[in-house]
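Undergrad: Protein chains in written order, with my numbering: chain A, 6 to 392; chain B, 489 to 558.
Simulated from the structure, these hints should not be mistaken for laboratory data.
Check the hints yourself; a few may be wrong.
As the list claims (entries may be wrong) - In silico contact screen, one side only, chain A against chain B (beta carbon under 10 Å); selected entries:
| no. | residue |
| --- | --- |
| 1 | Ser59 |
| 2 | Pro62 |
| 3 | Asn63 |
| 4 | Ser118 |
| 5 | Pro131 |
| 6 | His132 |
Yeah, the Cβ is synthetic: ideal placement off N, Cα and C, and Gly gets one too.
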Amino acid sequence: MPPATSSRSDLERVRAPLATANGLPNAHYVDEATYEEEKQAVLFANWSGLATASDVPNSGDAIPLDFAGMPLLLLRDKSGAVRVFQNTCRHRGMILVSEPRNIEGAIRCPYHSWCYSTKGALVSTPHVGGPGQNTHDAIVREDLGLVEIRSHIWMDIVWINISGTAPDFEIVHADLLARWQEFDQPLFHGGAGSTITLPLKANWKLAIENYCESYHLPWVHPGLNVISKLEDHYHIENYGHFSGQGTYVYQQLTGNAGQTFPDFPGLSDKWDQGGEYIAVYPNVLLGVQRDHTFVFILETQSTEKTVEHIHIYYAASDVDPALKAKNAAQWAAVFDEDVFVVEGMQKGRHAMHFDGGRFSPAMDGPTHCFHDWIAANMQSHRDSTQI
Amino acid sequence: MNTLDQRLHASHQIGDHRALVGLYTQAADQADTLNAACFFLTNAYIYALETNHPQRHALHARLVAEGREA
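If we strip away everything but chain B, and leave its shape as in the complex, we get (with noise of 0.2 Å):
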């Protein structure tokens, strides 16, 4: 089975940017500290909105409740 770096990897190099939310939203999740969270949180959500993902308001919250994003 792919680790989750791999299937970052593989869907940046196929521009599967959709794809990327969902993984950046798992490699959060999965993180060790909240600076790292916030991170992929970060990115699950420009990903998110350039895709005009369902999931994009709930990345924003989540970034607004830790004070990241406005």
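The shape of chain A in the complex, shown without the other chains (with noise of 0.2 Å):
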């Protein structure tokens, strides 16, 4: 019977060169304790996607989040900075929110009222001095805001880093915004038509895994393969933050009276027929191209559940709305092609006999940068909490 989670020696055989490395190990995508330790190693201890800035769009709107089984609470506040906050009550720990809505004022706790503002400071604790007195020498309220969560906006993305501890986002991902500067720009959501949603029954880790090689694309895309062939995709590899593939020959989609979504201005020539297609990690996939960007955020919801919530956007807000619809039908038609290889590669990890399996040394070296970059942070990890 082989061990519930992962050893030191089959991390070390994920982190080996390429061409002789195996892949993670079952335990990764099936176990609940292995779960739970990733989640600390992995999800909390970098900068993981949470949502997207476009889901708070007015000052005051305010959506409770389940982010690995911990609530959080994503709001616009009254300035319009968008902040993540742990949803609880600094009082007795109760849900502050617990359905999308708009704030108005203040944020109150349905338990005892203890009162919050949108920037997270609590305003008034009724009766904590007793009937009709508020205040209490043992209550400073200056000390009991609400928790914040360090986040980052980047692409519209919330990016949120639950320990605290990851170097700033702009240093962790300088490579990836150094590559992409050109789309650090106004990025407009196609609304609501442009938002898919595509529960997986998976381990999460497998959404990255497909999405980020290309190897797959002849056999599981054969429509995307007519007008994008594997030769014309080339690997991106950035061992410790990112990996994925992108092609030279992006076409872009037009409408019936031959019309086109208009480009992000600024770009040079190499995004005439160029676009790439990245998994940030741990929890983010990224797609740009030349007049449309999109971003997969991740939400996994147990060890062999995960919801992927897909955004498109646009370099304007008033896009030909008939062509944004068939973009986006496009786009959901080749995303549920996925479907069925991510499922089926949870499914294997059953079998109790499979070793993580081995990588194409042509062309699986995206994938192998994710394992090491997981294997990393796990064994990273089992150092610093090692008693």
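Both chains come to you apart, so use the hints to assemble them.
TA: The structure is reproduced here in structure tokens:
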């Protein structure tokens, strides 16, 4: 019987050179204890995608979110800044906001009515000193504001670092920010029709692994392969940070009258027919092209359940609605084609003699890059928590 | 005519927190003791804070004047 979780030597085999490495052992996909460990080592310790800033368009908009079991509150404060808090009252730990809504004034805890501003300050503690007495020397409001989670906005994504210990986002992702500097400009969310939600019966990592390699394209996406063949793609590998694939033959979508989406202004020639698709570790997938971008935020719900939240963005707020719908439908069909392989790989990991698999030295570099990162984070976490 | 208690109860039942601001203020104004008045004023103030009610500053000032709020 294989051990419940991975060993140091398992992780060392994952981190071996691509040609001789094995993939992550089954435990990383099916074992509850390993899942809990990965939450701390990977999802909480790094900059993870939580949601998009477009989810809270107006001041006071608030959405309760569950991030790997942790209750969070995403909101846009009265000054317009997007913030993330623990969705938990500092008094008795009650959940503060249970449904998406607009906070008109203060966030009032539904239990004993302690009130917080949208910036997290504790502004009133009714009857805390007895009936009609709302102060007490022992209750120092300045010390009892909502616990704010470190956050950063890039590409409209709200990135969070729950541990608070990761280096700044701009430092961690300096290479990617430089690579895609040309896309550091206003991105306009395509609206409700440009949001796709895909539930997966699979561990969240498998969605990353499938996305970042082009090896599967001819078999899983034969339609896409007609216009973008395997040989038209290149690998993107930045060990320790991100990986993915690029294409040299991106073709713009055209409408019935031959119309296209407007391009993002100021792009270099590289993007005339270029497109890049990168997995930003741990849980965000991004795609950029001359006229639209998209993001996937992977919401892990349990060891073997994930939801993909997909959003499409354009260079202007008023792009052709019919073309937008056509584009969303086209991408939804492509993304849907991936579901059976992601779920199939999950099922395959219940085979107790599967050893993590071997990688194609020529084609699986981006996937190995991700496994290497997971293994490094896990080992580092284990080393730091060893008594 | 409904009593103030009945109207308070009804507003709680339907979650009309803006209405509670006025009703609890009325309860405070009718209270027999300062402690009772500050209890109701507190409730009015909390719902005013929650709903961004225009009376929130005035209610806050009344509580501060009685040494009941910071």
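Undergrad: Look at each hint and say if it fits the structure.
TA: Quick rundown of the hints versus the structure:
1. With a cut of 10 Å, the hint placing Ser59 of chain A at the interface with chain B is violated, because the nearest CB-to-CB distance is about 24 Å.
2. Annotation: Pro62 of chain A was flagged as interfacial toward chain B, and the flag is violated, the nearest CB pair being 19 Å apart, outside 10 Å.
3. The interface hint given for Asn63 of chain A is violated, since its Cβ lies 14 Å from the closest Cβ of chain B, which is over the 10 Å cut-off.
4. Checking Ser118 of chain A against chain B: minimum C-beta separation of about 5 Å stays under 10 Å; hint holds.
5. The restraint placing Pro131 of chain A at the interface with chain B holds, with a minimum CB-CB distance near 5 Å, inside the 10 Å limit.
6. With its C-beta approaching chain B no nearer than about 6 Å, His132 of chain A sits inside the 10 Å limit, and its interface hint holds.
Violation of the numbered hints given earlier is confined to hints 1, 2, 3; the remaining hints are satisfied by the structure.
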